[in-house]
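Quick mapping for you: the protein sequence lines, in order, are chains A and B.
If you count by this note's numbering, then the first sequence holds residues 2 to 317, one letter each, in order.
If you count by this note's numbering, then the second sequence holds residues 33 to 287, one letter each, in order.
These are calculated hints, taken from the structure and not from any lab test.
Note that the coordinates shown come from a computational prediction; the quantities given were computed from them, not determined experimentally.
Quick reminder that beta carbons are idealized off the backbone N, C-alpha and C, glycines included.
Fair warning: there could be bad hints in the mix.
[Said to hold, decoys possible] In the DSS-like style, the derived pairs of lysine-lysine whose C-alpha atoms are separated by at most 30 Å in a straight line are: (1) B:200 <-> B:155; (2) B:200 <-> A:211; (3) B:153 <-> A:211.
[As the list claims (entries may be wrong)] Computed, partial: chain B to chain A, Cβ under 10 Å: (4) 48; (5) 84; (6) 111; (7) 115; (8) 116; (9) 123; (10) 270.
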Amino acid sequence: MKASSLDYRNLVAAIIVVGLVALPLFSQVTGNFFVLTLFTRIVIFALAAVSLNLIMGYGGMMSFGHAAYLGIGGYAVGILAAEGFGSGFIQWPVALLASALFALVIGALSLRTRGVYFIMITLAFAQMAYYVASGLSRYGGDDGLTIYKRSSFGGVINLSNRVEFYYLCLLCLFGGIFLVWRIVNSRFGLVVQGLRSNEQRMQAIGFPAKRYQLVCFVIAGTMCGLAGALLANNTDFISPAVMYWTRSGDLMVMVILGGMGSLFGPVVGAIVYLVLEEFLSQVTEYWAMIVGPLLLLIVLFGRGGILGLIGRFSRG
Amino acid sequence: MAEPLLCIESLVRRFGGIVATDNLSLDIAHGELHAIIGPNGAGKTTLISQLIGQLRPSAGTIRFAGQDVTHLPAWKRSHLGLARSFQITSLLRDFTAADNVALAAQARDGHSFRFFGNARKEKGLREAALAALSRVGLADRADVVVSRLSHGEQRELELAVALATRPKLLLLDEPMAGLGATESARMVKLLADLRKEVTIVLVEHDMNAVFALADRITVLVYGRVIASDAPAAIRVNEEVKRAYLGDQHVVTRHG
Chain A
2 MKASSLDYRN LVAAIIVVGL VALPLFSQVT GNFFVLTLFT RIVIFALAAV
52 SLNLIMGYGG MMSFGHAAYL GIGGYAVGIL AAEGFGSGFI QWPVALLASA
102 LFALVIGALS LRTRGVYFIM ITLAFAQMAY YVASGLSRYG GDDGLTIYKR
152 SSFGGVINLS NRVEFYYLCL LCLFGGIFLV WRIVNSRFGL VVQGLRSNEQ
202 RMQAIGFPAK RYQLVCFVIA GTMCGLAGAL LANNTDFISP AVMYWTRSGD
252 LMVMVILGGM GSLFGPVVGA IVYLVLEEFL SQVTEYWAMI VGPLLLLIVL
302 FGRGGILGLI GRFSRG
Chain B
33 MAEPLLCIES LVRRFGGIVA TDNLSLDIAH GELHAIIGPN GAGKTTLISQ
83 LIGQLRPSAG TIRFAGQDVT HLPAWKRSHL GLARSFQITS LLRDFTAADN
133 VALAAQARDG HSFRFFGNAR KEKGLREAAL AALSRVGLAD RADVVVSRLS
183 HGEQRELELA VALATRPKLL LLDEPMAGLG ATESARMVKL LADLRKEVTI
233 VLVEHDMNAV FALADRITVL VYGRVIASDA PAAIRVNEEV KRAYLGDQHV
283 VTRHG
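Next comes chain A alone, as it looks inside the complex (with noise of 0.2 Å):
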């Protein structure tokens, strides 16, 4: 019984890794580049998706403020540009450190609470962020801050050519989910689950909870800072706004719809959202109102997001 979901999973995921990586060719033939320019967004935030699922699904960490590390691996290419570092050899290394430090710090504050608060504190330090980004108005302040030329590489991969750009943020999300992977069957990755799970147990047979927990919470951060310099290049143009508190719940969102805990849930979810943000904004400008109780439905009846539901069906 269980062996068959899990084949279904499996099946699932292949056909988002062979589609994903086949998408060039498809825009290429048919000439649709649009299907590209949407595709890279969804791949952007799935990778995004895929950091909030290691401590959302995984270790249990409600946080409402994970798009504050989009705004702050953003800003760090952003910033560096408009200042004149235009190699993302140091653009990058760069956004990932600020944004491993950002969640090493306020992860050490919020992991002292629980539940509700550790939800409304994460959430209280992402507004923090976005509030500081609005007052930085040598950098666009409220309006943003245009980047005129994309992270330079040398000659090692161009950022400007779409299809290159492209093949980078799949690489950046398949080596997320590789890593998140490898991790939640690690020694690691058990005592962060196991935390998840009961936490007064794993204090007494030995574990300091916190450290395990603030460690998963460095990374999940880090690993979304990559996720924000990919998107900044994307659009090239940061804002506050990526920060916004409904960001983060869209990609609360995304990971609840495509199935927390599993590896490929975040990235169903991301794309789903995101087609159906897209194709549904072009019907009514209320598509929110066709998104949520979708959403509700899946909660209520399909625990396990889009990949449970998969799972129980092929089941019968």
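On the provided structure of chain A, position chain B as indicated by the hints.
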């Protein structure tokens, strides 16, 4: 003369106006099985929680293996060799039995900041887990998810997890709670076996089990020790009889 394994001195714990542990002093010697009994609300679980580090005492000291552990967090005490089982089963419900025990073994095997390599395929951890599971008779249930185990099996698993941390002192909080007659008998037999290897503090309501197993019995009433002696002496102790059978009528039939 060697110091006792565990020394509790003048321990006090207040919850608001209620004194749950009232100036309690107690020594647990190496190798003994020490039972703690008392009516409901006597503060037995409160005491265990303070010993293991899940509850801070208001005053007093706890020394374990020659070291003051009063202010150590639970996870550090675990590394010193203190282990507990919970009165209300407390396991990782969405993990298998083997995972639960393997994690305990992993906790003993240095830090767990290892991010690669499949921990479930580590031979050492799995073997340790299986050994502890066989010890309590659960070897054939290793790959069953905890939420699918029977209550009795979960109680045994509690014990296996505690054992896998290789404790010097095992604090058992009502291991017989909710067990049927056959399961209880099996647990008693298991404890009789275990006591040869490890010092045990046993909190238990089942008086047959307590008198069958204990070297010494301490009776707790309203957070105070009213008697601490060999089973035979406890049986005839007037104050104990009054506490149990006198004006309280909490327990009417006990061994």
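Okay, the hints, checked on the actual structure:
Taking the CA atoms of residue 200 (chain B) and residue 155 (chain B), the gap is near 25 Å; set against the 30 Å cutoff, the hint holds. The straight-line distance between the Cα atoms of residue 200 (chain B) and residue 211 (chain A) is roughly 26 Å, inside the 30 Å bound, and the hint therefore holds. At most 30 Å may separate the alpha-carbon atoms for a hinted pair to count; residue 153 (chain B) and residue 211 (chain A) meet this at roughly 26 Å. Taking 10 Å as the C-beta cut-off, the interface hint given for residue 48 (chain B) is violated, the closest approach to chain A being about 22 Å.
Nearest Cβ of chain A to the Cβ of residue 84 (chain B): about 6 Å, under the 10 Å cut. The hint holds. At its closest, the beta carbon of residue 111 (chain B) sits 5 Å from a beta carbon of chain A; the interface hint therefore holds under the 10 Å criterion. Among the interface hints, the one on residue 115 (chain B) holds; its C-beta lies about 7 Å from the nearest C-beta in chain A, closer than the 10 Å criterion. Checking residue 116 (chain B) against chain A by beta carbon gives a least distance of about 6 Å; that is within 10 Å, so the hint holds.
A least Cβ separation of about 6 Å between residue 123 (chain B) and chain A falls short of the 10 Å threshold, and the interface hint therefore holds. Given hint, residue 270 (chain B) at the interface with chain A, is violated; its Cβ is 38 Å from that chain's nearest Cβ, farther than 10 Å.
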